[in-house]
Each structure stands twice: as C-alpha cells, then as structure tokens.
Amino acid sequence: MSGKEGKVGVKELSPIDVYKLLPRTNCKECGEENCMAFATKVVNREVPIEKCKPLLKKEFEKAYKQLKDMLEPAVKEVVIGAGDKAVKIGGKLVMYRHELTYFNPTAIAIDVTDEMPEDEILGRVKQVEDFRYEYIGQILKLDMIAVRSTSNDPDKFKATVRKIAENTKLPMVLCSLNPTVLEAGLMAAPKARPLLYAATENNWRDVAELALMYDCPLTVFAPGNIKMLKSLAKTLVEYGVQDLVLDPGTFPGDGLAETLNNFTMIRRAACKRGDDLLGFPLMGVPMTVWLESAGLAPEIVKWREAYLASMLIVRFADILIMHSLDGWALLPNVILRANIYTDPRKPVAVEPGLKVFGTPDENSPVMFTTNFALTYYTVASDIESAKINAYLLVVDSEGLAVDPAVAGRKITAEKVAEALKASGIENKVKHRKLIIPGKAARLSGEIEELSGWQVIVGPKDSSEIPKFLQEKWQTIQSQ
Amino acid sequence: MAEKKKEKDETVLGLKLNSRLLELLAKLQEVELEDFELEAGELEIWFQPGAVAAPVVAPPKAVSPPVKAKPTQILEAEFVPPVETYPGRVVEVKLGRRGGKSVVIGGETAPAFYTFEKPTPHPPVISLDVFDMEVPLAKAVKMHVKDVLGDPAAWAKLAVDKFGADLVTIHLISVDPLVKDASPREAVKTVEAVTQAVDVPLIIGGCGDPVKDADVFQEVCETFAGERFLISSVTRDMDVERCAKFIKKGGQVALAFTPMDLNLARELNRRLYDFLPKEDIVMDLTTAALGYGLDYAFTNMERARLAALMGDPELAHPMSSGTTNAWAAREAWMKMAPEWEPRELRGPLWEVVTALTLLLAGVDLFMMMHPAAVKTVKDVIAQLMGGKSGNAERLVEWVAAKV
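Read top to bottom, the protein sequences are chains P and A. Here our numbering is used: the first residue of the first sequence is 1, the next is one more, and so on. Here our numbering is used: the first residue of the second sequence is 480, the next is one more, and so on.
Just to be clear, a hint being listed does not mean it is correct.
Listed next, with one range per pair, are the computed distances between beta-carbon atoms [what the hints assert, rightly or not]:
id	chain 1	residue 1	chain 2	residue 2	range
1	A	P615	P	Y96	35 to 43 Å
2	P	D215	A	R873	30 to 38 Å
3	P	K141	A	K580	44 to 52 Å
4	A	P566	P	G358	53 to 61 Å
Below, computed lysine-lysine pairings styled on DSS-like, alpha-carbon distance capped at 25 Å [said to hold, decoys possible]:
id	chain 1	residue 1	chain 2	residue 2
5	A	K625	P	K460
6	P	K227	A	K867
7	P	K467	A	K814
8	P	K355	P	K433
9	A	K597	P	K227
10	A	K881	P	K158
Hint data in this document are derived by calculation from the structure and do not stem from the laboratory. Glycine is no exception: its CB is placed at the ideal position from the N, C-alpha and C atoms.
Given only the sequences and the hints, what does the whole structure look like? Please build it.
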C-alpha cells in the first residue's frame, strides 16, 4: 500500500528526532551555537540539513539518508524549466498554512496556441515577461508559458515551440494529448525541461517514454477520477518517471464542488495520510471556463476565470494555467498568492520608531502611521515619490493596519503619546503639530490631551498626503 | 475642463461595462440546491488494457536500459476518500424577523465545503451595506447606489429587490459623536423606516464608539423586541454585561467582534455566555482586505473553524465577515496605470476574491457592498451547495480548445 515508514507529518517531527541523528559535536560549523539549535532550525525549514558539513561525511551516510527521508515534504518538489528562470512547484510540508508555512508559490502559466498568428504569440509572451507589480518590497510576476496544440499538427507545434524558446527563457508547459505532437514540441526545445501535459489513461505509455527521454516532469490528467489518477501515478512511477504533477480536472460552473473536493481529498491524502502516490503538485486549469464561453462577453469569462483561480490558489493548487492576460483579472490573484504564501510565523511588520524622509528641518511636518509593513511601505512610497521632507513616526500596532488597529485598540492615544515622547522628535522640530491618519480621527482629542501636541487629522488614504501638505501645512504651521 | 470630460467618459464606460456584466452575470444558469454526497461507487473505474493506444512514438533514441521491466498496463491503485469525523459542531443561529424572512447560519460538522465528508447544512448568506447618511464610497460602488444615498429605506429596498441581498446591514454612523451625534431615538426612526421597506433579517451596525453604540443598541433592541436583529457589534471595550443583557431581553443576536486574535475571541464569548445562550452569538474575527492582511484573516478564521470542529466550544459559532473592508485596499478603488484598468472591474473583483478566500475558511455571513460581487459570491455558493459532478468528457477538450 501507499504511505512510507519513517515519513512523519511535519507537526509530529520534533527537533529531538533530528538532533538524535546529528553528529552532536556542537562544532558550530553551521553557524549555530549547538546541534540542538541547528536541529530546531532544520525542523522549521529555516536551514537545509546540508549545512551540517560533518553530516555529509561518509561515516554519517546512513544518518544523512534517514534525515533526508524524514524531512521529505508530503508533496514532492518538482522543477519545471532549466536555467535561472526554472520554477519549483510543490514541496508542501503541510495542508494548512498555520501548521508551518507554504513553500513555492502557485506558479501561473499563460497559454498560447500553435494556431495563433506569430505576432499574437510573441505579444502574449512579451506581456507575460513584462508583467510586474511591486508589492511590499516584492516584485510579483507571472511564471510560465503554456503552449497548446489546437492544430494537432506536429510541424505547427514544433515551429511554435521553437519560436517561443527563441524568445523567452520562461519555462514552458507543452499541452497536447497526442504524443506525436508532444514529441515534435520537445524536439524544438530538447534541453528546456518543459512540463508535459498530459499523460492520460489512453496515452500514458508513449508520453512516459517522452518524459524519460527528455528528462521532463509529466502531468497526469484524469478528470473527476482520483482512483485513475492515482493508478496512473503508480504506473508512471513504476515506469521510471519520478517528477509528476496531478490534474484531477478543473470543472467550471456546476462542477466547482467536485473540483474543490478532489483537490482537498488529494492534498489531505498526501499530507495527513502519507499517500506518496498523491503526494505530487496539483495543477488547476482556470482557463477551462473558456469552454463555456459561447455567447458571453469576454469580460464575464475573464471574471470567472479570475475568481476560479483565486479559489484554487487557496485550495492547494501548485500551478495554474490561465488564458486571460488582463491586469485587472490577474492582479488580485498574484496578490492573493503573495498573501497565502507569506510565512505566517513572521509578522509582516517593520520596526517602530521615527523615520526620516528627505532632509526635514525644525519646521517640517510630523505624521504617524502603524508598523504593519504594507501600511508603512504605502505611506513611505507616497511621501518619497512626492519628495517631501518630513518625519514619520511608526507606532507599534502589533503589525495591524490603521483601521483594525484603532478598532482593536492596538493603537491608542497612550501609545501614540508614548511613541512621540520616546522618539525624541520634540528636540527635532519646534512646532508641536501632529498629523494623524484620517482613519485614526477618533483618537485626536485624547492624543492632544495626553501628549500636549496639537492634532491635525490627515487624509484617509496616504496617496493624498502630498496634496494635503501642499495645501494645508503652511497654514497649519503659522497658526 | 478636459479633465472633467475624461472623468465623465470613464463613468459612462464603467457603467456600461458594469451593467453589462451584471446583466450577463444574472443570465448565468440557476443551479438547484440539493445536498451532495459522494458515492464511493462513482470512483470505481473500469480497466480496458486493449484500449490503450498503440505506440506512435519512435523507439527511444538514447535511454539507459531499464533496471526492471516497465509496466505494460495500468497498475491499479486503491483510493479511499480520506474522510475524518469531528467531535465538534458549529452552533446554528437563526436571524430574522417576526412575520418576515429568516435565515439560519452555522451548524457545520466539517470544514468549509468539504462536501466529500458532510453536506454544508446551510448556505452562507450575504448582507448588503446600507448607510444612514452620505459616506465616501468607491466610484465603482457609488454608481450603483447614487440615487438612494442618504435614504436608507430606499437603499435597503434596492439592495433586496435588485441586488438580491439575503439580509441588510443598516450602519448607524450618524450617531457618532464625531460625526452628527444623532440620538438613539433618531437611530430607531432610521431602523423603523428600514423595517418598513424590507422584510429580510437586519443587521444593526454601530459607529464604533463603545459608549454611544451601547446606548443606541439598547434603544434599538428594546424597541424592536423579538426581531432577531444581529447587533454589530459587541466589542471588548464596551460594557459587555449591559449589552448582553439588553440583547437577551430584546430577543436579538450578538455579533462578538475581536481584532484577529482567537484568545480574545474566546474571552469575549465566555463573557457573553454568562448572559446569552450560544445560539444568540455570531463571531466577527476581523476581515482585512486582499493585499492588506487577508492572509491573517484567512488563517485566523480557518484555525477558528478547525478548532471548533475539533471540539473547542468557545469558537463553535458561525462567522461573519465585514467583506466590504476589501474596498480599503487602494488597488480596489484607485485609478491605476492602463494595464490594470478598468477599476470598475478590478474593484468588485477585489471584493469577490476577498469573499471567496474567506468562504473557504468557513465564513457563514458576508457583509458586502458591490452588486456584481454579491451576485458572483451567491452564484459560487449555489454551485458549491448544488454539488453536481463535472463533465469529464467535455473537460478533456480544453487542451485543444480554440478560445
């Protein structure tokens, strides 16, 4: 049966289990104080086990192998593509993010077909390459190109794959259920290590041969039939294909419940029941909504594709294939992905304290905000981009934005007054005028009472700070 | 002048786009609501070794000799749905009016939409926000309600009749001492007007001032005894005992609000238990917008629900989400570079994605704003409740579909 001895859920793995297998010499070569500290970091996946150099010696070979097995993720990590644009998917240790954290954010592939005109193909590839959105110090991007054969013509497919390979280093997903077509595509990019899509109950043998021959990861596709999906996985593993991706089918519309059930059952089997044959990354295909697009406005179909993608990001998908390239539809999803894959163990907060923008003097404005990273970066970028000289007092809100921090009393007048005092700002400016976020307006009276500063309620959104200061600061200051 | 003209054109475009969207969304097929149970038999498959296609690939050119024989037919594997049973159950809470409509939320015995384990006992419901005075609204929202701003009764009617609200939230923000400092009696008049206009269950929203809200809520609870309003909300810094008592006396339901901390949620619930039965409490664990802390909100709610199912009675309450908070994200309302436009679609989609993420964490009641977002979330809930199977034969076509 499935399930492997020795592989335990990440929740059950304790630092002691790891410690017992380490050399236990406290040599500090890994940079930690002792082996126990190292073991704790290993269990939390903060350092790879290979950082213990002595463990890699011949005498510890057995312990190393045992540790490797113990630390193996419930969902296998699969690499798609080659070179520095290669993308890792899967590698999940837990079913729920609060149990540890999710690794390897859901990869998003955008489709092109072998019957699109060349300029459309290249245009779409360029759009994928150029897609970027800056969000809390990260750049959010799209990851791959899915090349679909709608012609079922090997020559056409080959030419299309070649054209794409010449124009981008992004990893590809080659999509056709016809092995001859897939092979033609592989011949055009033999070293690119694309993800093959897909092995089915009808073509698995030939596609497996291709995966072996070209050393490619392979998607298994058995819509609505987990038993078949698992049987195919078993067969392919036995055949020698180690890197699989599972597609249980993304049914749009009425099949949504089944889709979510299948994704959930597979992920639970892998994470909670140690089922190795289902312990592979999951593929979601939100673009299946386009199958039911007849008579609908394209905005409607894009809208449906976008929200289906979001549900799949939340419910365990490791890779998605999408058609829409519209920014309004993709933006919520790349941000959702960044949110869901944020490490819940680390509060997304910045250091509280006084921040200086530009070269403020004793007459410059003083404002405050919270230490939630997103709030802070948003406010900071608004101040910076307007080239304003100002002081910004970052008050510890325990990582909450202004709204919930005020509602939940994480920011109080006392806290603001204390932060003002502790910051030493009173020695830096001669006025005593504090601009507070519009959403903290209700604290104004109390802050005045406790701090002795005059409070001016600023805008509700920091994008209006430049305008606010330009129009009002002179007057405020001279009052 | 040119600026103004441009803005106007956009509004027209936005309206057009959006009303078309609404219209088309409305045309989507209705789905039947029926319980769904996965039959083990559905997962059985038939093996037909002969059906495997003959090899079309040329023999491998350079492949190392196989160590062991490769399988020549599909090796059958067993699959048993990994069903769990949970000791806990979320309490059922009934909201709704004497002689009017009512809804029941909660009652779950499995995580959200794990329908392979247990059917979802009651579909999550949606309440639309109505304000008792003019408030700043995102452009994409405002264009749908501009004719009823400042008229809560007309707004409530529009929300129910046109936008399909299951409930209506009347936000009494004019009572805020920092806004209009309207009296509790005036608040009662507003609520009275709304009760006359619609017959759906009502949520009574306060202004956020812990003292004033208690005064207003008391007046409303006592005047409308037995209406089973949801009182939004009771917070830790209010006089919890006083609130619980007038909610109990008036036969209403408490919405216990806490700021993203399950220990605080448990603590507040414990304080309420001294005066209120469990069936009179719904929890609001705080909703943060997509991109602005949604991950905290999601995980907090998911943990609460899993804890409830694992037998933690202090978290075994239906969950409500102030999904309208999605509009606090600047990406929801702000004009951005052309590649991210139109915001008339981006904004409501922001609300949809925030809602659906939390739907999957276990939210039972959504407080929402944009009609297209409401329509979409309702459709998704109906699809999830319907539990029909997908069409596998048709699905295979996506690979080669011309779209």
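Results of checking the hints against the structure:
1. A/P615 x P/Y96: 35 to 43 Å: 37 Å, holds
2. P/D215 x A/R873: 30 to 38 Å: Given about 33 Å between the Cβ atoms, the range holds.
3. P/K141 x A/K580: 44 to 52 Å: 47 Å, holds
4. A/P566 x P/G358: 53 to 61 Å: Since the Cβ atoms of A/P566 and P/G358 sit about 59 Å apart, the hinted range of 53 to 61 Å holds.
5. A/K625 x P/K460: 22 Å, holds
6. P/K227 x A/K867: The hint holds at about 19 Å.
7. P/K467 x A/K814: Roughly 16 Å between the alpha carbons, so the hint for P/K467 and A/K814 holds.
8. P/K355 x P/K433: 17 Å, holds
9. A/K597 x P/K227: 21 Å, holds
10. A/K881 x P/K158: Judged against 25 Å, a Cα distance of about 18 Å means the pair holds.
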